[in-house]
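S.K.: If you read the protein sequences in the order shown, they are chains A and B. Per the numbering used here, residue 3 is the first one in the first sequence, and the count goes up by one each step. Per the numbering used here, residue 80 is the first one in the second sequence, and the count goes up by one each step.
The set of hints was computed from the structure by calculation and includes no laboratory data. Treat the hints with care, as some may be off.
Ranges between beta-carbon positions, derived for each pair [to be verified]:
#: 1; chain 1: B; residue 1: ARG106; chain 2: A; residue 2: ASP28; range: 46 to 52 Å
#: 2; chain 1: A; residue 1: GLY112; chain 2: B; residue 2: ASN465; range: 42 to 48 Å
#: 3; chain 1: B; residue 1: GLY670; chain 2: A; residue 2: ILE74; range: 58 to 64 Å
#: 4; chain 1: B; residue 1: ASP350; chain 2: A; residue 2: ARG15; range: 22 to 28 Å
#: 5; chain 1: A; residue 1: THR97; chain 2: B; residue 2: THR167; range: 45 to 51 Å
#: 6; chain 1: B; residue 1: GLU99; chain 2: A; residue 2: THR97; range: 39 to 45 Å
Output of the computed footprint for chain B on chain A, the stretches with three or more beta carbons under 8 Å from beta carbons of chain B [stated by the list, open to error]:
#: 7; region: 64-76
#: 8; region: 80-90
#: 9; region: 104-115
Nothing here was measured: the structure is a model prediction, and the numbers come from that model. Glycine is no exception: its CB is placed at the ideal position from the N, C-alpha and C atoms.
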Amino acid sequence: MKSLAELQAIRDRARAQVDLREKSDDNIRVLVGMATCGIAAGARPVMLAFVDEVAKRQLKNVTVTQTGCIGICQYEPVVEVVAPGKEKVTYVKMTPEKALRVVNDHLVNGNVVTEYTIGANS
Amino acid sequence: MYRSNVLVCGGTGCTSSNSEQIIERLREEIKAKGLEKEVNVVRTGCFGLCALGPIMIVYPEGSFYSMVTPDDVPEIVEEHLLKGRIVTRLLYQETVVDDRTVKSLNHTPFYEKQMRIALRNCGVINPEVIDEYIAQDGYQALGKVLTEMTPQEVIDCILKSGLRGRGGAGFPTGRKWSFAAANQADQKYVCCNADEGDPGAFMDRSVLEGDPHSVIEAMAIAGYAIGATQGYIYIRAEYPIAVQRLKIAIGQAREYGLLGKNIFDSGFDFDIDIRLGAGAFVCGEETALMTSIEGKRGEPRVRPPFPAVKGLFGKPTVLNNVETYANIPQIILKGPEWFSSIGTEKSKGTKVFALGGKIKHTGLVEVPMGTTLREIVEEIGGGVPNGHTFKAAQTGGPSGGCIPAEHLDVPIDYDNLIAIGSMMGSGGLIVMDDTTCMVDIAKFFLEFTVDESCGKCTPCRVGTRRLLEILEKITSGNGTLEDIDRLEKLCHYIKENALCGLGQTAPNPVLSTLRYFRDEYIAHVTDKVCPAGACKALTNYYILEDQCRGCTLCARNCPVGAISGTVKKPHVIDRSKCIKCGACMEKCRFGAIVKK
């Protein structure tokens, strides 16, 4: 170890993993439906896309987590975005590509991607 | 990138209740479900809530699973990790809110009043991965010290923080460092006292198991401050997990160039070696510890000269306790003002206590100095279980004393504890209830010191044995009032004449129980009864004739056949045969058996 900058680089690299170990109630929560129906419809790649993109953009205020079946199995994979103080947004028939756009438009810029929501698809 | 972290406690407590198998099983199940790239299994240090171990926390949800068995693992993987459904039956009940959501651990009574500085990484990081320590600002303090501060500035910072030694005596750490720095020598040493020997204390072990790098970093900082290039950690071989993690940590620090030559390109060299002790209590005394590191028999010597003048191998030496070191990096990073804003006027910062004995939440807690014993016992510790009442708490182990219920509201710090006849000690806190006999407790600690006395000086070698003999006489019902006076006199004599801290403090358990519970001693010698019913020689079991239904259950359970009687007729206990095991009283369904 020759400099503080070197230490800093290791710190930044390792930070993302350890950050996950804090439970903050103020975070935006992304809930991916991962019951049997969700998994069968392809929820796993969707969730991983969220996890990777959130980490890549270093979004500290977002928690990606799983949830069970919410009862609209024909619309799986279902993803809910819960921001503190705002109404819950439910996205349906998600894909990894759609996930990237939700991260960019909704999580980063605060614009709900209306065309993916349950309202636009039922 | 993992989406989920599963933290499993790998401290000694949870390891002894199968957390290793849980981790193994987790890895197998996760692999079988194809989740090994998504879920990270982390073996951490102690979470503190040892009573509920083995403990597992799953993030990002923050679900706190308690008393997990290896057989619970498939369900956790299938339900929680694969399908996202939290296994509610295994959740720590305090974290479950009425609306079925899970609240953060920090808001449960056990954690809410705690403030974690020394333990801040325990149960959070994997102690065997240096990157995780660095992620938590690890080695930043060492970097700051070596690149921005002079040795004198480091000492001033520690002085100003008000940090006092956490090993028990409470000597100001900064003063110790400044003495060693002021002495010129071709070689100086930094030592760490990890020879934690008090019965019931496991704070230092938990820090080393959960966050070994914090101690390594602090020792390097101390080395820079006093001008030492070599450090030794003296740890007992009875702490295999801590030793193993220390070895791994030292290896990783060397690999990263955080130990070794020219650290941070500053020209400062520092390295650390481990020395294993055989678990002798006296080796926790600083001069005995250093004699032992030198390869000789671990016996204390007269002070002065103090270690800061003539320590290890006759060179100036700084010796601090594990918990003291664990505070140092945080003080450097956050500043002495931050640290001195916590605690009481003369005792700054926090203190870690190992809670044990008759208390609901056995475990490890860290609280700001000045927290009252009541808060620790009743709020954090969950109180005395099984409907019994609090009688006293014992702090400071064999060197300390007991705190009776009347002092429950005294804010705990170094000076207050001494004023009420106990001491901070290293941090063991053993809670006793109405079934504990105080004479018996004093006897227990004396048995320990008699065993552990090194034998070098007569007051300790012979004196403690005589104390024990008097206590044995009292608890067996043969004591007299004169014995109590002799006991007290001998205590003061040993205190004044013993060579080292072990002997000087050995009478403390007797003196403090005499101070607060003299009536119990008197009851033993004049009435020949043990009020708590703990001393076997003074206790007898009786069957109440009018309550006994003659069910024969007691007679069938008596291991020595001391109970006789016919069916549906009152039974009797033959006192000449009775071994006072209490099995009959436990089995009786009618409360017909009493102990008095």
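S.K.: Tell me the numbers of any earlier hints that the structure contravenes, in ascending order.
M.R.: Violated: hints 1, 2, 5, 8 and 9.
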